[in-house]
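Enquirer: Take a look at the letters that make up each chain.
Number of protein chains: 2
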Amino acid sequence: MGFSVTILGNSSAKPTPHAHPSAQVVNLNEQYYLVDAGEGVQQQLIRRGINPLRLRAVFISHLHGDHCFGLFPLIATLGLEGKRTPLDIYAPAPMGDILDYHRRYFWDDLPYEVKWHEVRTTEHRLLMDNSTLEVWSIPLRHRVPTAGYLFKEKQPGLNVNKFKIEKYGLSIAQIVAAKRGEDITLNDGTTIANEELTYTPYKARSYAYLSDTAYSAKAASLVKGVDLLYHETTYSIKDAAVARGRGHSTTEEAAKAALKAEAKRLIIGHFSSRYKSHEELREECRRIFPNSDIAAEGATFNIEEEQ
Amino acid sequence: MGFSVTILGNSSAKPTPHAHPSAQVVNLNEQYYLVDAGEGVQQQLIRRGINPLRLRAVFISHLHGDHCFGLFPLIATLGLEGKRTPLDIYAPAPMGDILDYHRRYFWDDLPYEVKWHEVRTTEHRLLMDNSTLEVWSIPLRHRVPTAGYLFKEKQPGLNVNKFKIEKYGLSIAQIVAAKRGEDITLNDGTTIANEELTYTPYKARSYAYLSDTAYSAKAASLVKGVDLLYHETTYSIKDAAVARGRGHSTTEEAAKAALKAEAKRLIIGHFSSRYKSHEELREECRRIFPNSDIAAEGATFNIEEEQ
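Line order of the protein sequences matches chains X and A.
Going letter by letter, the first sequence gives residues 1 to 307 in our numbering.
Going letter by letter, the second sequence gives residues 1 to 307 in our numbering.
Everything labelled a hint here was simulated from the structure, so no lab data went into it.
A couple of the hints might just be wrong.
In silico contact screen, one side only, chain X against chain A (beta carbon under 8 angstroms); selected entries [claimed, not checked]:
(1) P17
(2) N27
(3) L63
(4) F69
(5) T77
Quick caveat: nothing in here was measured; it's all calculated off a predicted structure.
C-beta: ideal position from N, C-alpha, C; glycine also.
Sequences and hints are given; from them, build the entire structure.
Expert: See below:
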């Protein structure tokens, strides 16, 4: 099953000619989830070949404009595009008020329901739970109430070992029972333990989005063992004082969070417009956490299946 | 003095990968005025080399998202960029409420004043008046209250004929008086009529922005003699029934408005996303009004000085 993250935008608040503010798409087996929605997100979706109608839910970290000003035009366009099914939006308060206000002034004729689910930014809670995915909130430390999001794939179902099927002459009914995790009793009365018959095809994977935030040991602990970690790095270690004053992280802090989380891979973004190139920021991370990369606009990061 | 219009965006509500919704910049002698502000306008300004801090005022035609969703992120960015002088926004109600709401949720620390001036969309009124320019509202016919805008350059000051200066041996004081329109009395008592000494360097120019609107003979009359007319053409003449139902114009109606207004030149835009190419729409206009062009994204239309 595919599990990937595509970066639609990655700049912090001040726009540049060709970089967009924060927005990403998590794609788990062709189920699409939007994470933050900076200005221009609907155009960025189309440019990356993602039909906005396919979005199942939207997760907004906090109510600074560079993380949500693209949501409102997107909602309007989905109406024009003929959306009829509800759109779930997970976001801190007062997103409910903000959506109400847009309904009043801009969306009097929206042909589908926009359902806001309040995210309490001080709590680590299960927000969404479907057949393949759980999404959890991660409390972050920013100037306004902010949540990160942990996307946890559900453990994929058991596979039955082909050689064992042959060896024991298992019937279809027995194979189905083994896939459910049951032990199997053969015709001769012998019971075969489920562990002998089955294996997990690959380990459940996870992705964590931690932005915007100052360094938080707690947030890092809550995403322990994550496969792919996006952590904001608005500033270089050289600008640590600025970062502290604004509730943002440096490269060093992002790398420290990746270490603390025992993440397999770190991707960094939300760069201040003061940095013309991001290679140096990446190098600052790599000195501490070698498997660090730039979450470049347009890049897709696959999380591979592993046994 | 330069007088030009730069097209920042030109598509109707549904976004396409590379076309932006309505936004233009009127530039009169390096004084910049933003006309409508669809999503992405701040990035479009930067791409065209226009520093958003240089905008003196914003004119919003109506409160559909594709004409104003870019305004709110732009206002936020101007704060980050250090703007301290007020920004004047001319727009129909309820823009005041919408700005208040943004102040409450997004702009608690905006370091400059956003001044809303209500535009009554049923009235033809002088909205703005400075040393070089008047801006007038033009009532339009759309699904919601909508105003067009007429940018009227003020008649440029008189120039004094060099040959006459020599002929009559005019002093600096006499030249200044002649520029003010006064007759000049020479040392020998002879009075020289101002008309003999001075000339108008060029005729005052004008630009009209009529979008979104169904055909309006009244609006066309109110911009009579305009040098450059932008008129929306959301639809081809083949889709006239759709245009009628939605309060939009066809190519034919835009061309008819240009004829009625005795415009010197017509530029068309706000095309429905159903048209992959706009050349045919232009040809439909040219059959009726030959001096028609596409208001292509990124294009700048100069209004030349004429004697």
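Enquirer: Take the hints in turn and mark each one as holding or not.
Expert: Results for each hint:
1. P17: holds, 5 angstroms
2. N27: violated, 19 angstroms
3. L63: At about 6 angstroms, which falls below the 8 angstroms cut-off, the nearest Cβ of chain A leaves the hint on X/L63 intact, so it holds.
4. F69: Where the cut-off is 8 angstroms and the nearest Cβ of chain A is about 5 angstroms from X/F69, the hint holds.
5. T77: X/T77 check passes; min Cβ-Cβ to chain A is 6 angstroms, inside 8 angstroms.
Hint 2 alone, counting from the list given before, is not met by this structure.
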